[in-house]
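Trainee: Below are the chains, spelled out letter by letter.
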Amino acid sequence: MLTIQCPHCGVQAEETELSPGGEAHLSRFGPGSEDQDFEAYLFFRENPKGVHFERWRHVHGCGKWFHAARCTVTMEVFGTYSAQTTEPPKALRDKISEKRPGWTWRDIA
Amino acid sequence: MSEPVTPLAGASFDGLVRVTETGPQGMIVLRCPEDATDAREAATAVTGTKDPALRRAAVSNGTGILWMSPDERLILVPRAKSASTVAEMQAKLAGQHALVADVSDARAIFRLEGDPLMVREVLAKLAPVDMRPDHFEVGEVRRTRLAQVAAAFWLEQEGTADLICFRSVARYVYDLLCTAAVNGSAVKHF
Amino acid sequence: MSTRLSHGGRLTDRSTPVQFTFNGRSFSGYAGDTLASALLAGDQMMMGRSFKYHRPRGVVSSGAEEPNALVNLGQGDTHEPNARATTTEIFQGLKASSQNHWPSLEYDVGAVNAHLSRFLPAGFYYKMFIHPRPLWKHVYEPFIRQSAGLGKAPHPEARDPDTYEHFYAYTDVLVVGGGVAGLQAALEAGRAGAEVLLLEQTAHWGGRTPVDGGEIDGLDPDAWIEKAVGELEAMPNVRIRTRTMGAGIYDHGYVLGYERLTDHAPGQPGPRHRLWRIRAKQVVTATGAIERPLAFAGNDIPGVMLASAVRDYLVNYGVAVGDRTVVVTTNDDGYRTAIALKRAGLDVPAVLDAREYGGGALMDQAKEMGIRVETGRGISKVKGGKRVTGVATCGIAGSGALIDEIACDCVAMSGGWSPVVNLWSHCGGKLFWDEAQACFRPDTDRAPTGADGKPFVTPAGAANGYLYLSETLSDGAVGGRTAATATGHAAGDAAVPETSAPVEAAPRPVWMMPEGAPYEYRAKAWLDYQNDVKVTDVQLAAREGFESVEHTKRYTTLGMATDQGKLSNLNGLATLANALGEEIPQVGTTTFRPPYTPISMGSIAGEARGSVFQPLRRTPMHDWHEAHGVQWEPVGHWRRPYCFPKAGESSEQAVHREITATRDSLGLLDASTLGKILVKGPDAGRFMDMLYTNLMSKLAVGRCRYGLMCSENGFLSDDGVVARLDEDTFLVHTTTGGADRIHAHMEEWLQTEWWDWQVYTANVTEQYAQVGVVGPNARKVLEKLGGMDLSAEAMPFMTWADGTLGGLQARVFRISFSGELSFEVAVPAGQGRALWDTLMEAGAEFNATPYGTEALHVMRAEKGFIMIGDETDGTVIPQDLGLDWAISKKKDDYIGKRAQERSFMDNADRWKLVGLETLDGSVLPDGAYAPTDGKTRNGQRNTQGRVTSSYFSPTLGKGIAMGLVHNGPDRMGEVISFAAADGTTMTEARIVNAVFFDPEGKKQNV
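Chains as they are written, first to last, in full-length UniProt numbering: chain A, 1 to 109; chain B, 1 to 190; chain C, 1 to 1006.
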């Protein structure tokens, strides 16, 4: 059972305090968008073996959403950061590069 | 207007620690941006305490402020003053981006009193929180899961914990606390 | 026979006799005995029968690995099956019985299976019972269920009287295992200043070292252990706990500990078991090693036992398993048993050592004591039925030609030792094959890693493959220091205690005895005792093409019993490797999964039973309802009144009475459970327009509006009335089940998509008690309370007002879900009961009638109002329900709008909501489908609609229903047939308007 640190309140929360929210950094496609874009936004998800970016909510805690970078193989948590950003912070990406050289995720590396 | 009624009418239980439904307690939720000086001052003005730091309680004798999240505080005032305090704060913050609401009736509040280590043990049976004396300090507020429901608690001092939950599950939480505090079940770990 | 010796037994207290029964027969043991040791002391060698062949079985081990001696404990409410006699501490009055036999342990009908064993090989059931299919359900399965199975599950009406609990513990270093390695690890970590928690599954510290002998720091092992425990107890940063098993290791340092508090002393206050939910920064697994059996014919006959177990019973409990014990061994450790037995004055006719040149110092010592040692020898066959009577010896190589026969009543076997790597492996620790010691050991270069990506488990001592005392102890020290250092504590480098123990010669791996055993021997050589898997079964599986050890395991059931193959795994996979002509490491192991040994369901449930089984949400009026004969309906965790039957009234009659009273005069509904969420901020209107399909931003202050919420996938997810409190504040009402979900939905969009919008929400559901005051006399009763002008002019339909009612601060909404004149009155929850009592009293003259959810449902259905969860099921869009009027055409966007633009949703050709009226006035079955011509590709009938709500309407005196019907609104007046659950009984119904009652709304607009 995972523990992930909430970047908002600082608690090293165990999984039972958290609720998962799926893949991070999705771009919303609204009315008038192309069917393909909307389909990808609503249904297509990464399923990586390795580095992944996810949304979590500290639901039994401060109630805040945040993002986490995690390795789906080893469960290592590289870091957590605000949900109010459209891409992972550079410092975190650099840290992941040190641990997992050559990693990619969607169009991020 | 009739007197406020708490969900369990002040029930209490003696075991490893004493469990008491306290209250009625005035409780006011304040949501405002982290840097909203006026809203913070409106809160400290009614409590006479400071604005608590991250995950801290600034409370004495049932009056004060609890840190709930970066943009949320729970203000504790005497129950008789909650409605007027809400009105006062709302007036003061009119036109500003802040939400002030009376939630005194939406919650139940319990106190655990007794041997300081037993108070910690009872909570450690129910919440996934590191309750070791040198890890959970007096004055820290922890919002967490108590068995199957949400709760928040803090140690006012060693041997005294206050715990808030939703009103509808007051009976469940009280039964949980009594179960965890039943005589003969001391873990004697801390 | 097996007997209690006149003296000895380091764990028993002979001054405290303990009486207990086994299969109804009285036995006597001593405090400190296990059930196994006490039964052996009473010459009860047979303790159960095997799973498949019902062969007589005796105890084979002395610990957690026991596959045979499984018993039922207790009776009635405290009955528990499959308890290991070897780990059950006896107490005064213990009642135990054996399992898997009928009619008795001694005479068992199922034992006939043993004579059929040639016809019941691996995979027999799979091959035999697959055809013909119908026979499975009616013949094969009942027969197999009757004859198979271990213990009996508790009676369904039995109620466990014990209590259980959880405990969350956090520590720097967790040491699992309190043998000498674990003690040394805890000492090192503790001395370094780390917080340490040390767990030991038995009631005693020190593991097997006191039995095996040697010296530590110049002390007898018992003395050293006592000193070590004393030092640990004195350290404020160390906690130690016996009778607590490290059950499993999981991600991020999560470990489950299983503490058995009162199993050995029932009747004590407090919980029976405690489940420790531990987070450790570092875990040291000092879980020891388990001795392996040897595969020779008749190795399951009672009296054949692990050599270490024979020694344990002798030294720990003063019990001699036999008068004459033949020791058969592949290593030096077996000699310890021979020496111990001889010292106790018992006869050891021979030690059969599989190694051509025998062993080291221990062998010499045995010889000096006059014990006959035969090297290069093994057992070809054990003689006896329910008890060993002798062995036939043979050369270890070859096919088992008889050398001689030795009469004996006990065989002590040692096939070498396997480190207990289970906990190391639970969370991904890898293993390597140690050829010299013939065992798998933890590969510390491939350790389980934690949240920080660094290793968090260190194996120590015998569990790490260091089987001899000196290295066990020094590796324990290394483990403790490694863990302390990893948690940021400076570990000491003091010398590890000196040890002295005989030097041991190398073992010889023997996977089958003799190595060229013919079929008739192999077919009686057991690998997995509990599941009756023999050498021949594994060889058959290999011949049939099962190359993977995981497949072989499932095909033969090797290692799948309650002991999870603690004794059988390595012998089994070595047999498979040999059969496949491969090396053991190439075949690999099966996966070790937690828990290490079974843990009670009670401990998993913890406190969650009885009144705290799950949270029950109560409204402020809950107690009143309870006192007035309520029939509850669970709605989520809430309890809502379904109806209030009076004496002699059925619930159906009660519902009809409640509806009629409400429609005729006055009904009261506890509506406190409805979700209430404040949405406030400069951007609140904009946000509300995204949440709802309606144009909420244009709602006037003081007004209410019914609104719909959809998911981003377009489907209707919730509905309710929105009240605008002021320019930047809305009060959102959700369904009872929707409050938390919708609040979370709002926060998700605000925090993760529109975080620059200035909006705050607060879930104030429980701040208010809310009462629906419904019926022609609703206004009159509220006017009686006084304080607010609720006239049609002052308070038209779909408005709200704050004020004081009967002295209570209240907010009144004029809304209706019944078609009646209706007000919903909200007061602070603490005043809810007062409001309810006041309304009941004031309403007495109007026959004020409390009504429940069923009356609510019928009345809304009479009016054609939809219910989330009835008319919707996650595949229904508002347009399907004829709610197009609630979808704003003026908005560019709302959650779900883009989805509803998809071709199959933006399409008239869908199942749509209509009313349904049976031709005979009966009530349509809820959920019934209307079949139509043709079949689907699956051969099922095509359907054209289904019933979503169906009730008897007391108002109209007939059945009414709503349903989704293909192009329904275009087919008004058409009659279609709905099928009952049997698929053939058809009911004809006419498609009609869904508003059955008062379509003009005359009753509500007064």
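Note that these hints are calculated values from the structure, not bench results. It cannot be assumed that every hint is accurate.
Listing some non-contacts, in silico: residues in chain B with all C-beta distances to chain C over 10 Å [stated by the list, open to error]:
{"#": "1", "residue": "41"}
{"#": "2", "residue": "53"}
{"#": "3", "residue": "61"}
{"#": "4", "residue": "71"}
{"#": "5", "residue": "105"}
{"#": "6", "residue": "106"}
{"#": "7", "residue": "113"}
{"#": "8", "residue": "115"}
{"#": "9", "residue": "117"}
{"#": "10", "residue": "126"}
{"#": "11", "residue": "140"}
{"#": "12", "residue": "157"}
{"#": "13", "residue": "159"}
Each computed PhoX-like pair below joins lysine-lysine, with the alpha-carbon atoms no more than 20 Å apart [claimed, not checked]:
{"#": "14", "chain 1": "C", "residue 1": "137", "chain 2": "C", "residue 2": "95"}
{"#": "15", "chain 1": "C", "residue 1": "95", "chain 2": "A", "residue 2": "99"}
{"#": "16", "chain 1": "B", "residue 1": "81", "chain 2": "B", "residue 2": "92"}
{"#": "17", "chain 1": "C", "residue 1": "95", "chain 2": "A", "residue 2": "95"}
Glycine included, every Cβ here is placed at the ideal spot set by N, Cα and C.
Trainee: Would you assess whether residue 117 of chain B, listed as outside the interface, keeps its beta-carbon beyond 10 Å of every beta-carbon in chain C?
Mentor: 12 Å, holds
Trainee: Checking the smallest CB distance to chain C, is residue 157 of chain B really beyond 10 Å?
Mentor: At roughly 22 Å from the nearest Cβ of chain C, residue 157 of chain B sits farther out than 10 Å, so the non-interface label holds.
Trainee: Would the least Cβ to Cβ distance between residue 140 of chain B and chain C come out above 10 Å?
Mentor: Fine: 15 Å to the nearest Cβ keeps residue 140 of chain B off the interface.
Trainee: Does the claim that residue 126 of chain B lies outside the interface with chain C hold up, using a Cβ gap greater than 10 Å?
Mentor: Answer for residue 126 of chain B: violated, closest chain C Cβ roughly 7 Å.
Trainee: When you look at the beta carbon of residue 106 of chain B, is every beta carbon of chain C farther off than 10 Å?
Mentor: 4 Å, violated
Trainee: Is residue 137 of chain C close enough to residue 95 of chain C, meaning Cα to Cα at most 20 Å?
Mentor: Cα-Cα ~36 Å, so violated.
Trainee: In terms of Cβ atoms, is chain C entirely out of 10 Å range of residue 113 of chain B?
Mentor: Label holds. Min Cβ-Cβ 21 Å, cutoff 10 Å.
Trainee: Is the nearest CB of chain C more than 10 Å from the CB of residue 53 of chain B?
Mentor: Since the minimum Cβ distance to chain C is about 22 Å, residue 53 of chain B lies beyond 10 Å and the statement holds.
Trainee: For the pair supplied as a hint, residue 95 of chain C and residue 99 of chain A, is the alpha-carbon distance within the 20 Å limit?
Mentor: 58 Å, violated
Trainee: Can the restraint linking residue 81 of chain B and residue 92 of chain B be considered satisfied, given a maximum Cα separation of 20 Å?
Mentor: Holds, at about 16 Å.
Trainee: Mind verifying the non-interface call on residue 115 of chain B? Its CB should be farther than 10 Å from each CB in chain C.
Mentor: 16 Å, holds
Trainee: Is the nearest CB of chain C more than 10 Å from the CB of residue 105 of chain B?
Mentor: Given a closest Cβ separation of 4 Å, the condition is violated.
The structure is inconsistent with the numbered hints 4, 5, 6, 10, 14, 15, 17, although it conforms to all the rest.
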